[in-house]
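S.K.: Listed below, chain by chain, are the residues.
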Amino acid sequence: MRIAERRLLATRPHRPGTGGLVPILVLLAVLLVLLTVRQPDFLAPSSLMSFLGRSAPIIVLAAGQYFVIVAGEFDLSVGSLVTAQVVVAARLIDSEPSRTWPVVVLLLASGAAVGLVNGLVTTRLRVSSFITTLGMYLILVGAVYLWSDGAPKGGLSEEFRRFGRRAFEDVVLVGRLPFAVLVLLAVAVLAVLLNRSDFGRTLVAAGGNPRTAELSGVRVHHVKTMAFVLSGLAAAVAAILIGGYSGVSFQAGAGLEFGAITAVVLGGVALGGGRGSVVGAMLGALTLETLFTLMNFYGVPGALRTAVQGAIILLAVAVSARRSVRR
Amino acid sequence: MSDALPSPLLTLRGIGKSFLGVRVLGEVDLDVLAGEVHAVVGENGAGKSTLMKIVSGGYAPDEGTITLDGVPRRFGAPRDAQRAGIGIVHQEFNLLPERSVAENVFLGHEPVRRGLVDRKAMLDRTADLLASIGESALPPGAPVGRLGVAQQQIVEIVKALALDARLLIMDEPTAALADNEVERLYALVRRLQQRQIGVLYVSHRLQEVFDLSGRITVLKDGRLVTTLNTADTDPDRLVRHMVGRDLSHYYPERAGPDEPRPVRLTVRNGGNRRLRDVDLRLRAGEVLGVGGLQGSGRSALARALFGAAPFTTGDVTLDGEPVRLRSPRAAMRAGIAYLTEDRKGEGIVAGGSVLDNALLAGRALRPAWRGRAARTARVRDLLTAVDVRAAAEDQEIRFLSGGNQQKVVLARWLALEPGILLFDEPTRGIDVGAKSAIHDLVRRLARDGAVVLMISSDLPELLGMSDRIIVMRDGRIAGELPAGATEEDVLTLALGTVPAAA
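Each protein sequence line maps, in turn, to chains V and H. Numbered as in the UniProt record's numbering, the first sequence ends at 327 without a single skipped number. Numbered as in the UniProt record's numbering, the second sequence ends at 502 without a single skipped number.
Hints listed in this document are in silico derivations from the structure and should not be mistaken for laboratory results. Don't be surprised by glycine CBs; every beta carbon is placed ideally from N, CA and C. Wrong hints could be hidden among the right ones.
As the list claims (entries may be wrong) - To list a few chain V residues with every Cβ distance to chain H over 10 Å, as calculated:
id	residue
1	Arg99
2	Val104
3	Glu214
4	Ala311
5	Ile313
What the hints assert, rightly or not - As a list, the in silico SDA-like pairs of lysine to any residue whose alpha-carbon atoms are at most 25 Å apart:
id	chain 1	residue 1	chain 2	residue 2
6	H	Lys344	V	Gly20
7	H	Lys344	H	Arg274
8	H	Lys344	V	Leu271
9	H	Lys53	V	Val127
10	H	Lys344	V	Gly255
11	H	Lys344	V	His221
12	H	Lys344	V	Ser249
13	H	Lys344	H	His439
14	H	Lys344	V	Gly155
15	H	Lys344	V	Ser128
16	H	Lys344	V	Phe51
17	H	Lys344	V	Glu214
18	H	Lys344	V	Gly272
19	H	Lys120	H	Leu163
20	H	Lys344	V	Leu120
21	H	Lys53	V	Ala321
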């Protein structure tokens, strides 16, 4: 593979990691077209904005999950973490508006703490992250049942719920702009910057080849642990949005971990680590939500969701495995 | 079965292949006769591996035809090629360590009786196959994981024979073997030849090519240069075909004996699980060669100095001050760089881009948001300076040849401006052109005042490059040799005995 006359390596305009976005963009476009055929006003600014708002939690979770998966690990605990956070928030706030901000801070801190534990157990105790986070999942489910005696107590304040359900009205161009979309935007920008930072690049390298990374000075344990912390933080943000949008229940976060993993895989991120972009992961989540909306419009039973998710995971992994062998 | 005029077993005509728009192989013609050992040589990146993958069904060619026994073939997958009678023994083996020799040999096509695997038939047939190539000493029931590398290689060959392979591709078969095992491989190849099996033999070691082959095909930049009768050529001429120049001024000039430069790094009484009583002084401007057999502690020494497997006893000083090199990061901060022997496993992130690979150490050691652009620009300059040939800087590094991968790794370390460089087999599996580029660079670094420690199994390289040589044996420094030592001197120290008169 030698090009004798060209000594300088070609630098391309696009940034590292954004090369593989074409498939997911095409898929998203196709789904949006199908949706518009069925529901012509879907693409109207206000309905698009509220769709984005509804999709915000899963997109945020996908961004968190991306960092874990690209580092070669899994985080199965995010779904039950969301549930736990929503239930805990309701009991702590107990409809008292003044407690909103302290609880928000507490949720973020506890999300990071759960991620820290996941990360430390995985890296220091060398437990496979699949098992670590499955254990954390069960611990959180059990703990939240125990703590709330089997039924959610208290209630969220209106101030807390506005992140997930309120919007700026009469905004130019878009009309109604949900707060959730702004939160999503902030998370997306942070995630992209983080992915391009030295931390992000060394994380991807640690997922691609931990031996090489370690021998190049990367603190592999450290960056992997940070990835779990990011996923925990993402779960906290998602919990705040979900609590506001759909209220308090033991089902608040059910199945979200698989939704997030499906989204990440759909976005072209390789399970096992080392390849993929955070933008792809977030687009994957958006595509997944679009697909579910489409299924809704076409009257496909909601019970099929999980089956569809499973099929997507298998298909996406098969396709990406084939691609990497082929080239 | 002896024909007077054998018709070709395998005929390749006009084979071509491109990846992502980069043409890596074009218009390659090649014949292999039954019972012929046909060597394929060329620099890394010349297209040898791609060609072998095409013959063995790993890639489909974009152009050209493959004819086996006069029948045109198209292989969609390695399985198709296997069924057609083409076997391949890779540099890295594909064996299940927990399973027996026989189970590995018949993996996927076990003899079956009444719906169950017929173990006895499997063992018997494996024993027959082993006997047919004169290896009856190898027990068919032994677990493969307990066998040595040479024996595992035999299992791979028998695996191909069990599928009635008539053409066997051997990719760098001696890379993992010790010297005495190479002789046995020679004998084995000759027995395959007697059985009228055609062998495509890929190797960097010209000695073997001349010992074994009947004809040699030279590839360069994905093109066929020539096919020669081995008897009509010699190594010098062959190398000229491979690189288009002579081997003569192969090793760059030494710095010359001016006044002794300061000692930068010393080790006193260093030891760990694999090393004992290591005493070492590394001077600025010096290339210290490290010789010894595999497993003698050469790599352990480099790893100890780099903090990857630190010394547990003894003292290390840097510029007179005591230092503790307890992790790669600590060593990197002290200005030490380490180019690993296992490039694929420890040197590169295969799925990462050329640029990401080159930036890795800098990003890890000194993460920064401001100044990123300047750092990237510097690394780009370094990539150009070490002459990396790639389609683009965001190309995944696994698509580069070994030599180019090594240059990227080198650029990664040079970006940190290290004062002490540890090279572990820096030119193994690298083409002749890249090899001399790396030699030049090593010499230049030393001349500019760096300390270079270079481990090499390639004796001419060790002798040609080193200002001083230490030879390791059983985790100790067995002895030290000045520049101008001979291969015999090194071997005597490495083996610990005076070698039998040859």
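S.K.: All hints are to be evaluated individually against the structure, with a verdict given for each.
M.R.: Here's how the hints hold up against the structure:
{"no.": "1", "hint": "Arg99", "in the structure": "36 Å, holds"}
{"no.": "2", "hint": "Val104", "in the structure": "27 Å, holds"}
{"no.": "3", "hint": "Glu214", "in the structure": "7 Å, violated"}
{"no.": "4", "hint": "Ala311", "in the structure": "25 Å, holds"}
{"no.": "5", "hint": "Ile313", "in the structure": "20 Å, holds"}
{"no.": "6", "hint": "H/Lys344 <-> V/Gly20", "in the structure": "24 Å, holds"}
{"no.": "7", "hint": "H/Lys344 <-> H/Arg274", "in the structure": "24 Å, holds"}
{"no.": "8", "hint": "H/Lys344 <-> V/Leu271", "in the structure": "20 Å, holds"}
{"no.": "9", "hint": "H/Lys53 <-> V/Val127", "in the structure": "38 Å, violated"}
{"no.": "10", "hint": "H/Lys344 <-> V/Gly255", "in the structure": "38 Å, violated"}
{"no.": "11", "hint": "H/Lys344 <-> V/His221", "in the structure": "21 Å, holds"}
{"no.": "12", "hint": "H/Lys344 <-> V/Ser249", "in the structure": "50 Å, violated"}
{"no.": "13", "hint": "H/Lys344 <-> H/His439", "in the structure": "21 Å, holds"}
{"no.": "14", "hint": "H/Lys344 <-> V/Gly155", "in the structure": "56 Å, violated"}
{"no.": "15", "hint": "H/Lys344 <-> V/Ser128", "in the structure": "24 Å, holds"}
{"no.": "16", "hint": "H/Lys344 <-> V/Phe51", "in the structure": "46 Å, violated"}
{"no.": "17", "hint": "H/Lys344 <-> V/Glu214", "in the structure": "14 Å, holds"}
{"no.": "18", "hint": "H/Lys344 <-> V/Gly272", "in the structure": "17 Å, holds"}
{"no.": "19", "hint": "H/Lys120 <-> H/Leu163", "in the structure": "18 Å, holds"}
{"no.": "20", "hint": "H/Lys344 <-> V/Leu120", "in the structure": "28 Å, violated"}
{"no.": "21", "hint": "H/Lys53 <-> V/Ala321", "in the structure": "19 Å, holds"}
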